[in-house]
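Chemist: This is what each chain is made of:
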Amino acid sequence: MVGASETTELGVIPQISQQQLHADAALNALADAGLTVKDIDGFATAGDRPTDLAYYLGITPKWVDGTAVGGCSFMLHVRHAVAAIMSGHCETVLITHGESGRSGVGRGGFASAPASLTGQFEMPFGPMGPTSLFTLPVLRYMKDYGMTHEQLAMVAVVQREWASKNPRASQRDPITIDDVLNSKMIAYPFHLLECCLVTDGGGALILTKSERAKDFPQKPVYIIGTGESVETPMISQMQDLTSSRAFTVAGPSAMKEAQITHQEVDHLMVYDAFAHLPIYGLEDLGFCERGEAPSFIWEQNTAPGGKLPMNTNGGGLSYMHSGMYGMYAMQESIRQIRGVAPAQVPEAKVSLCLGVGGMFGASGCIVFASEPKL
Amino acid sequence: MDKPKRALPRPTPETAHFWEGTKAGELLLQSCSVCKTTYFPPRPFCPDCGSRKVEISRASGKATLDSYVINHRNHPAFDGPYAIAIVKLKEGPRMMTNIVGCPQTPESLVLDMPLIVKYENVSEEITLPLFEPEGDDNE
Chain V
0 MVGASETTEL GVIPQISQQQ LHADAALNAL ADAGLTVKDI DGFATAGDRP
50 TDLAYYLGIT PKWVDGTAVG GCSFMLHVRH AVAAIMSGHC ETVLITHGES
100 GRSGVGRGGF ASAPASLTGQ FEMPFGPMGP TSLFTLPVLR YMKDYGMTHE
150 QLAMVAVVQR EWASKNPRAS QRDPITIDDV LNSKMIAYPF HLLECCLVTD
200 GGGALILTKS ERAKDFPQKP VYIIGTGESV ETPMISQMQD LTSSRAFTVA
250 GPSAMKEAQI THQEVDHLMV YDAFAHLPIY GLEDLGFCER GEAPSFIWEQ
300 NTAPGGKLPM NTNGGGLSYM HSGMYGMYAM QESIRQIRGV APAQVPEAKV
350 SLCLGVGGMF GASGCIVFAS EPKL
Chain C
0 MDKPKRALPR PTPETAHFWE GTKAGELLLQ SCSVCKTTYF PPRPFCPDCG
50 SRKVEISRAS GKATLDSYVI NHRNHPAFDG PYAIAIVKLK EGPRMMTNIV
100 GCPQTPESLV LDMPLIVKYE NVSEEITLPL FEPEGDDNE
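These protein sequence lines map, in sequence, to chains V and C. Residues 0 to 373, numbered by numbering that gives the first Met the number 0, are exactly what the first sequence covers, in order. Residues 0 to 138, numbered by numbering that gives the first Met the number 0, are exactly what the second sequence covers, in order.
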């Protein structure tokens, strides 16, 4: 512990919101340690979301913990931070707490509460959930890189092609670009078939030490690299509307930890709540140069038989999407490495799985492999 | 003034100056006295360097259209499809807003078009900063 501090004042503080209580304590602790926010690469909090606070403080974390189990959450954060530092996930962790328990100033609860930054500076302008928020940056991408409406539609067409091979997929009938562009307009430029499904489901995972893995009935799948980050709870405040900063931290962290090159990735999952996510993912992970992912997908490189099979379950666009799709993306990576996927990629040994949280607010990335080390 | 149908903001002590500003017809940003970063949304320290030495600065109200969607789902505060936009202020920061004073169509909403702030009083306490095409005087 190299820095520790409470808020400047304690007691009754109606002139400071809950979020600023976190920040006040954080700035005091940083001063105590002789550090600035730029020295922090790990962040944990409870009560409020780590995405909100890391953004508010100006932190770009490589490790995030939002474990929330009540008043002792911060003890769990300390324990998790020790493990993270020892394993090299990050070097310097900031853990914050702030609670306007008496005055109730800016005590949110949910992310779009009227006193939250999103509630004050986005919700008044009429966004209605992900369809009109997550989609907001894409016109900028289209203008900057010349992506066409047809290229965006192709993302959905290719994923339906994968879904057609999967009996568990919700939508399996093949579709054309015209089908996509003639489907109902949801939020220009997004049509219905460029938005994810809304379905019900669940998933679970069990992990143990790799030395024990061979004692179990199933072929083991090893985790050889991981990465994570958060950027902002406000889509309007992304650093760059054509790239997810959280992707650009989480993806390369995972690949570096796994010590793999792009050529060694046999199978890719990119969380696709909307058709533009695989495009941002391919570029932010470095599989494509800036502006080249639309033509990469157009030329069938991610389709069945292509050199980089992606979203092989059909994805959130065609397989299933219950709201938090990340679990299903990992399930497909694991099926591919086990060799039991309905649309099996031949000799899939390394699968990279990139997730998004919120609306480009957070990211987690896992590299799965058939062997403990390449 | 219509009955408010929008989700209205509840100012906090750290953002109150912004909402007092829009009510008085001013768009207020903050600037860091140490590293000179101009930023939004409001907070009493610089998100770039962490300094608490920040001051309030008045923006020009000029912006360009950075990105948008035209939402086709029904919303009680809007008649028909309406644009939700991200604008880039002349001073640098971006903000979410609506574009008013022009048709809500891709043909009329051209990226990078110049915009100027237009204040809309939506409740006794709250005035929202909306934007309209610059030079198109519809009065």
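Incorrect hints may have been included.
Listed next, the in silico DSSO-like pairs over lysine-lysine satisfying Cα-Cα at most 27 angstroms (straight line) [claimed, not checked]: (1) V/Lys183 <-> V/Lys218; (2) V/Lys37 <-> C/Lys52; (3) V/Lys218 <-> V/Lys306; (4) C/Lys117 <-> C/Lys4; (5) V/Lys164 <-> V/Lys208; (6) V/Lys142 <-> C/Lys4; (7) V/Lys142 <-> C/Lys117; (8) V/Lys306 <-> V/Lys213; (9) C/Lys52 <-> V/Lys183; (10) V/Lys37 <-> C/Lys4; (11) C/Lys89 <-> V/Lys142; (12) V/Lys142 <-> C/Lys87; (13) V/Lys255 <-> V/Lys142; (14) V/Lys37 <-> C/Lys22.
With the Cβ distance kept under 8 angstroms, some of the chain V side facing chain C (calculated, not the full set) [unchecked claim]: (15) Gln119; (16) Pro123; (17) Met127; (18) Arg139; (19) Ile185; (20) Tyr187; (21) Phe215.
If the Cβ cut is set under 10 angstroms, some of the chain C residues that face chain V in the computed set are [what the hints assert, rightly or not]: (22) Arg5; (23) Trp18; (24) Gly20; (25) Thr37; (26) Pro40; (27) Phe77; (28) Tyr118; (29) Ile125.
Read the hints as simulated data drawn from the structure, not as lab findings. Built from N, CA and C at the ideal position, the CB exists for glycine as well.
Chemist: All hints are to be evaluated individually against the structure, with a verdict given for each.
Modeler: Here is what the structure says about each hint:
1. V/Lys183 <-> V/Lys218: Roughly 44 angstroms separates the two Cα atoms, so the pair is violated.
2. V/Lys37 <-> C/Lys52: Holds, because 17 angstroms separates the two Cα atoms, which is no more than 27 angstroms.
3. V/Lys218 <-> V/Lys306: Roughly 25 angstroms separates the two Cα atoms, so the pair holds.
4. C/Lys117 <-> C/Lys4: This hinted pair holds, its Cα atoms lying about 19 angstroms apart.
5. V/Lys164 <-> V/Lys208: 34 angstroms, violated
6. V/Lys142 <-> C/Lys4: 33 angstroms, violated
7. V/Lys142 <-> C/Lys117: With a Cα-Cα distance of about 26 angstroms, the restraint between V/Lys142 and C/Lys117 holds, given a limit of 27 angstroms.
8. V/Lys306 <-> V/Lys213: 31 angstroms, violated
9. C/Lys52 <-> V/Lys183: 50 angstroms, violated
10. V/Lys37 <-> C/Lys4: With a Cα-Cα distance of about 41 angstroms, the restraint between V/Lys37 and C/Lys4 is violated, given a limit of 27 angstroms.
11. C/Lys89 <-> V/Lys142: Satisfied, since the Cα-Cα distance of roughly 20 angstroms is no more than 27 angstroms.
12. V/Lys142 <-> C/Lys87: 15 angstroms, holds
13. V/Lys255 <-> V/Lys142: Answer violated: V/Lys255 to V/Lys142 is near 32 angstroms, above 27 angstroms.
14. V/Lys37 <-> C/Lys22: Given pair V/Lys37, C/Lys22 is violated - Cα atoms ~35 angstroms apart, limit 27 angstroms.
15. Gln119: Where the cut-off is 8 angstroms and the nearest Cβ of chain C is about 4 angstroms from V/Gln119, the hint holds.
16. Pro123: 5 angstroms, holds
17. Met127: Holds - the Cβ of V/Met127 comes within 8 angstroms of chain C, reaching about 5 angstroms at its closest.
18. Arg139: At 4 angstroms from the nearest chain C Cβ, V/Arg139 passes the 8 angstroms test, so the hint holds.
19. Ile185: 6 angstroms, holds
20. Tyr187: With a minimum Cβ separation of about 4 angstroms from chain C (threshold 8 angstroms), the hint on V/Tyr187 holds.
21. Phe215: With Cβ-Cβ at 47 angstroms, over 8 angstroms, it is violated.
22. Arg5: Result: holds, 5 angstroms to nearest chain V Cβ.
23. Trp18: Holds. Min distance 8 angstroms.
24. Gly20: 13 angstroms, violated
25. Thr37: Violated: closest Cβ of chain V sits about 14 angstroms from C/Thr37, beyond 10 angstroms.
26. Pro40: 5 angstroms, holds
27. Phe77: 6 angstroms, holds
28. Tyr118: This hint is violated: C/Tyr118 lies away from chain V, its Cβ roughly 13 angstroms from the closest one there, beyond 10 angstroms.
29. Ile125: 8 angstroms, holds
The structure fails hints 1, 5, 6, 8, 9, 10, 13, 14, 21, 24, 25 and 28 (numbered hints given earlier, in ascending order).
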